[in-house]
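Protein chains in written order, with this note's numbering: chain A, -11 to 340; chain B, -11 to 340.
If you're looking for bench data, these hints aren't it; they were derived computationally from the structure. One should not assume that every hint holds.
Same chains, same label: a pair holds when it works inside one copy or across any pair of copies.
Lysine to aspartate or glutamate pairs mimicking EDC-like chemistry, simulated, CA-CA at most 16 Å apart [said to hold, decoys possible]:
no. : residue 1 : residue 2
1   : K298      : E60
2   : K119      : D155
3   : K298      : D105
4   : K298      : E330
5   : K119      : D(-9)
6   : K298      : D90
7   : K119      : E43
8   : K119      : D95
9   : K298      : E43
10  : K119      : D105
11  : K298      : D331
12  : K298      : D9
13  : K119      : E166
14  : K119      : E159
15  : K119      : E50
16  : K298      : E(-6)
As the structure is a computational prediction, the values presented were derived from the model and not from experiment.
2 protein chains.
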Amino acid sequence: MTDGLEILPVRGIGEIVAGDDLAEVITAAAPWLADGDVLVVTSKIVSKAEGRLVEVPVDGEERDQARAAVLESETARVVARRGPTTIVQTHHGFVMAAAGIDNSNVDRSHVVLLPTDPDASARRLRDDLLKRGLDVGVIVSDTMGRAWRNGQTDVALGAAGIEPIRDHRGETDPYGNELEITQIAVIDELAAAGELVKGKIDQTPVAVVRGYPRSGIRDTDDASVLLRDAASDMFGLGTAEARADGLRQAAQLPDGPEAALPGNPVDPAAVDRAAAAVADYLSRATTVAPAEAVPGSGATAAFHLSTLDKSPTGFMHLGADAHRFRAALAAESIATLSLPHEDGIRLELSGT
Amino acid sequence: MTDGLEILPVRGIGEIVAGDDLAEVITAAAPWLADGDVLVVTSKIVSKAEGRLVEVPVDGEERDQARAAVLESETARVVARRGPTTIVQTHHGFVMAAAGIDNSNVDRSHVVLLPTDPDASARRLRDDLLKRGLDVGVIVSDTMGRAWRNGQTDVALGAAGIEPIRDHRGETDPYGNELEITQIAVIDELAAAGELVKGKIDQTPVAVVRGYPRSGIRDTDDASVLLRDAASDMFGLGTAEARADGLRQAAQLPDGPEAALPGNPVDPAAVDRAAAAVADYLSRATTVAPAEAVPGSGATAAFHLSTLDKSPTGFMHLGADAHRFRAALAAESIATLSLPHEDGIRLELSGT
């Protein structure tokens, strides 16, 4: 481990415009930059140098419409919405409010987009500095909100010449316990450390971390390894959005043969939980109590629902109650085949 | 802003046991500690000093059962589960895998719980150091996973003598734009910076941040302000859990008068989305196409569903289809009153 780090602000960067050579600008402002340092560069000046600005009307409804159009073009998918806040996954894979589009530190007739490829931006800056004889790590950082915790912190959007993750898996502590899951996202921690000496409004967009060991870096290291894809993310969708998704799944539960039954054994505890969730309805006079579920291999578990009221409305209630029960079973990952017949409805159950 | 920071490891802390005086241990190991420094202390040594260890069997099923029982006692609510991973909200309000319970850097017959009140722990350590004539900020840190991003970073569980959030709201940038939302969780960034010089397995559980301006600190400042309550969190529940919750809501959609209708105007676009979500089913021969929704103030919008097949199974299908449609409308935040009658089902709609 290191003997200690210094986190140094780079003053006097000034205004950056499209086409500016960041390696030139940064080395001019920080002639003291040295081999082994890690540069933490706010993404906004990278975006400005790369011309990632979009012109928007300065006010009125036109401004709102133009900003909404920019947001849509930067959005791969909407993750969550609440009031004026829209959290999206960008085409890069970042989950950020408003796709990271920013209208601070830019004149009112423009908004700033994230760099197209922050890893490529970091690599380019590192290569430009290498040409000047300086071997430094580069992190392109931005401010992000988090789930569960108030306030924002800076994280790494792009990186080059620095190991993104310190992996402790497989190491053994002094007690002989093997560390199981610890993978430290060090480039995010370096970005956060850099933020502590940067300013939001006083134009200090670059910090230098000195003393961090960059041993073992590879040319292929970049910040994209920190991106978790939606499929493997346990929080890939906002809670309200996922609840609505569940209701839509209930709306689309198929009847009949198209309800493909994988035929796995049914967990009796899951059936009990589902029955409890619809107990209010199944205990009504419109339907008799469901038969016992018969767990077994394949789709041998079943319920039979019937109604005491053999009128049209009685059968309609039975149809709705059967669908309720199927939704409750689906919530417990139990698939059902619905088989209505003249006397009632037979539900065949199987695990998914 | 600061002119630069130093992040310094505190070596030679050694093993901490219940009853140890952390102020004594830390000042002995870091006699160079000075006024204005910020101490970043790994929560594990705070827990050990406070005796927050639980004895568990060293192996076998008994060990798993004991650990499960400890997890349950530390859990306020389960946020998400996938395979062996359980993410919970602790009684403190932290959202963490396994409630922050740790079995590394402790002998195999014990697991370490989080401190009971990390803010109080930080305050106590700060007060003990004040008694020794040292005015330092204290952060109690731990390693946490995040939504959307791989890898973990250190954050602040507790804090004293340091402003937890740097609030930029209302400030104006050089272009005259007012900053709207930026509140930087600086104690999390300080915890992350400290992690960079601490070791996971080489027993460097304390770091010092030197040079960070602690102006404007108040006695009431603590890390609990960073906790977002589940109700205001857009990610308060795992995606799969929230989807299952939506399915359960579908199972519990009440019929009849108990379906309280708030009577707000209905968004026709939301009705269209709901109709699209059940189009497959409503287009079947079992039911006729739904009547046009009539938007208006209060619960004047309605659908009428009827079946061409006036047999028991036809009515059962109609009941199920009506429930599908109601689930799809609920997904769009539209409440429905279901009124079955001899000829079909009338659904009265209202916004929620």
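Do the hints match the structure? See the list:
no. : hint         : in the structure
1   : K298 - E60   : neither (53 Å within a copy, 48 Å between copies)
2   : K119 - D155  : neither (31 Å within a copy, 40 Å between copies)
3   : K298 - D105  : neither (66 Å within a copy, 61 Å between copies)
4   : K298 - E330  : both (10 Å within a copy, 12 Å between copies)
5   : K119 - D(-9) : neither (29 Å within a copy, 29 Å between copies)
6   : K298 - D90   : neither (63 Å within a copy, 60 Å between copies)
7   : K119 - E43   : neither (34 Å within a copy, 58 Å between copies)
8   : K119 - D95   : neither (33 Å within a copy, 51 Å between copies)
9   : K298 - E43   : neither (67 Å within a copy, 62 Å between copies)
10  : K119 - D105  : neither (21 Å within a copy, 52 Å between copies)
11  : K298 - D331  : both (9 Å within a copy, 15 Å between copies)
12  : K298 - D9    : neither (81 Å within a copy, 77 Å between copies)
13  : K119 - E166  : neither (43 Å within a copy, 39 Å between copies)
14  : K119 - E159  : neither (38 Å within a copy, 39 Å between copies)
15  : K119 - E50   : neither (45 Å within a copy, 61 Å between copies)
16  : K298 - E(-6) : neither (81 Å within a copy, 81 Å between copies)
In summary, the structure is inconsistent with hints 1, 2, 3, 5, 6, 7, 8, 9, 10, 12, 13, 14, 15 and 16 from the numbered list given earlier, while agreeing with the others.
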